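A.B. asks: In case you want the letters, here they are:
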Amino acid sequence: GAGVSQSPSNKVTEKGKDVELRCDPISGHTALYWYRQRLGQGLEFLIYFQGNSAPDKSGLPSDRFSAERTGESVSTLTIQRTQQEDSAVYLCASSTLPGDPYEQYFGPGTRLTVT
Amino acid sequence: GENVEQHPSTLSVQEGDSAVIKCTYSDSASNYFPWYKQELGKRPQLIIDIRSNVGEKKDQRIAVTLNKTAKHFSLHITETQPEDSAVYFCAAQNTGGFKTIFGAGTRLFVKA
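Just so you know, the protein sequences line up as chains A and B, in that order.
Per this note's numbering, numbering through the first sequence is continuous, rising by one, with the last residue being 257.
Per this note's numbering, numbering through the second sequence is continuous, rising by one, with the last residue being 434.
One chain only, chain A, in its complex shape (with noise of 0.2 Å):
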């Protein structure tokens, strides 16, 4: 079946602009993720939604970052304002069963550069 995807691949922006990125979770799985990876580095935890509510928003970096998720579906990483330390690989991921841990289903990311 189809797994996670993500749009777009590749994002190259300005400083000071504004970039949405999109995720599209496994049909049926109730948990999302979003990580940052900068280059070379490991995976930095971003946010989780619970369904469509995000009980911990702690790992966005700052108030330029914010998250959404509708219809238990589709979600969008907006970050505003964007800086070049942006500049990363924006990754999704999402399992099944709330209240279980389970594996994580990662997309293959979206390349954000900010010049």
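If you are wondering where the hints come from, they were derived from the structure by calculation, not from laboratory data.
Quick caveat: nothing in here was measured; it's all calculated off a predicted structure.
We put the CB at the ideal spot given by N, CA and C, even for glycine.
One thing to keep in mind: the hints can contain errors.
[To be verified] If you anchor each label on the Cβ, the simulated ranges turn out as follows:
#	chain 1	residue 1	chain 2	residue 2	range
1	B	Phe431	A	Gln183	15 to 25 Å
2	B	Asp339	A	Arg223	43 to 53 Å
3	A	Gly170	B	Lys379	19 to 29 Å
4	A	Gln222	B	Gln382	43 to 53 Å
5	B	Lys379	A	Asp205	19 to 29 Å
6	A	Thr155	B	Thr391	45 to 55 Å
7	A	Arg164	B	Gln336	37 to 47 Å
8	A	Arg253	B	Leu368	20 to 30 Å
9	B	Glu405	A	Ser151	18 to 28 Å
10	A	Ser151	B	Gly377	37 to 47 Å
11	A	Asn194	B	Lys433	47 to 57 Å
12	A	Ser204	B	Gly338	31 to 41 Å
13	B	Ser348	A	Gly158	31 to 41 Å
14	B	Lys390	A	Gly158	23 to 33 Å
Dock chain B against chain A, hints included.
C.D. replies: Here is chain B on its own, set in the frame of chain A:
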């Protein structure tokens, strides 16, 4: 805050040798410990996981051990092959939630 430390950052072994990667975590509420493999330019994929009620789990050439008292868990790869070359990430997930903290990763090189 929660933290996962992973060592070593780079590991080079000869084909056929064993490789061991170690992680420690800080959140005592963590109860699920997955390991992900990320090949160059690709997405991370789960290779093995362990839950807090188990001390060891094995899947062919890969095994993971967990010491909850010491908050340590380790990945063991035996009979390494060149295709094992990748970055390996450990992670810890806390009870009742989905927040997952990843280690910084170990770049494994298996020399033929």
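A.B. asks: Taking the hints in turn, state whether each one holds.
C.D. replies: Status of each hint after checking the structure:
For Phe431 of chain B and Gln183 of chain A, the hinted distance range of 15 to 25 Å is satisfied, since their beta carbons lie about 18 Å from each other. For the hinted restraint 43 to 53 Å between Asp339 of chain B and Arg223 of chain A, the CB-CB distance of approximately 49 Å keeps it satisfied. Between Gly170 of chain A and Lys379 of chain B the beta carbon distance is about 26 Å. The supplied range of 19 to 29 Å therefore holds. In this structure the hint that Gln222 of chain A and Gln382 of chain B lie 43 to 53 Å apart at CB holds, the actual value being about 47 Å.
Here the CB-CB span from Lys379 of chain B to Asp205 of chain A is close to 41 Å, at odds with the stated 19 to 29 Å. A hinted range of 45 to 55 Å holds for the C-beta pair Thr155 of chain A and Thr391 of chain B, which are about 48 Å apart. Separation of Arg164 of chain A from Gln336 of chain B is about 44 Å and conforms to the stated range, judged on CB atoms against 37 to 47 Å. The supplied range of 20 to 30 Å is met by Arg253 of chain A and Leu368 of chain B, whose beta-carbon atoms lie about 22 Å from each other.
At roughly 25 Å, the beta carbons of Glu405 of chain B and Ser151 of chain A sit within the given window of 18 to 28 Å. Checked against the hint of 37 to 47 Å, the C-beta distance between Ser151 of chain A and Gly377 of chain B comes to roughly 41 Å, which is consistent with it. Taking the beta carbon of each, Asn194 of chain A and Lys433 of chain B are about 48 Å apart, inside 47 to 57 Å as hinted. Hint check: Ser204 of chain A to Gly338 of chain B, Cβ distance near 48 Å, so the stated range 31 to 41 Å is violated.
Between Ser348 of chain B and Gly158 of chain A the CB atoms are about 37 Å apart, so this pair conforms to the stated range of 31 to 41 Å. Separated by about 47 Å at the C-beta atoms, Lys390 of chain B and Gly158 of chain A break the suggested range of 23 to 33 Å.
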